[in-house]
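Residues in the sequence shown are numbered from 14 upward in steps of one, following our numbering.
Bear in mind the hints are in silico, worked out from the structure with no lab data behind them. Please read all numbers here as calculations on a predicted model, not as lab measurements. Misleading hints may appear alongside valid ones.
[Stated by the list, open to error] Derived pair list, reagent style EDC-like, types lysine to aspartate or glutamate, alpha-carbon separation capped at 16 angstroms:
id: 1; residue 1: K32; residue 2: E101
id: 2; residue 1: K68; residue 2: E101
id: 3; residue 1: K58; residue 2: E18
id: 4; residue 1: K104; residue 2: E43
id: 5; residue 1: K27; residue 2: D75
id: 6; residue 1: K58; residue 2: E92
id: 7; residue 1: K104; residue 2: E36
id: 8; residue 1: K27; residue 2: D67
id: 9; residue 1: K58; residue 2: D81
id: 10; residue 1: K65; residue 2: E96
id: 11; residue 1: K68; residue 2: E96
id: 12; residue 1: K29; residue 2: D81
id: 13; residue 1: K29; residue 2: E43
[To be verified] Taking CB as the label site, the calculated pair distances span:
id: 14; residue 1: K27; residue 2: D81; range: 19 to 29 angstroms
id: 15; residue 1: E43; residue 2: S103; range: 14 to 24 angstroms
id: 16; residue 1: V71; residue 2: A28; range: 41 to 51 angstroms
id: 17; residue 1: M19; residue 2: M78; range: 34 to 44 angstroms
id: 18; residue 1: P73; residue 2: E36; range: 34 to 44 angstroms
id: 19; residue 1: G63; residue 2: N15; range: 17 to 27 angstroms
Just so you know, even glycine gets a beta-carbon here, dropped at the ideal spot from N, CA and C.
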Amino acid sequence: MNLQEMMRQAQKMKAKLEKVQAEVGQRTVEGSAGGGMVVVTANGKNQIVGVKIDKQVVSPDDVEMLQDMVLSATNQAIERAQEMMNAEVSKVTGGAGVPGMF
């Protein structure tokens, strides 16, 4: 394979990756804690786009528990968003890492 062909293929892969990133960026995933009492929604860009907190866990006497549940649900949502993006990128790259993409 000559250098020009390699460059063409690299450009095609870059375009596919950009398309996948844009598509996955629109999808959402959820993380939850406390049996679903706290639910955090993240998009494929690792942005938090929603937080739902059940009234039952809002207690001025136990703010720390609520904080822990929000933190746990947020971390889970971000982890799932990253896994979603990585899975889609792997489909395009055939599992090969692409330096500088993430």
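Notebook entry, point to check: Going back to the hint list, which numbers does this structure go against?
Noted result: 2, 3, 4, 5, 8, 9, 10, 11, 12, 13, 14, 17 and 19
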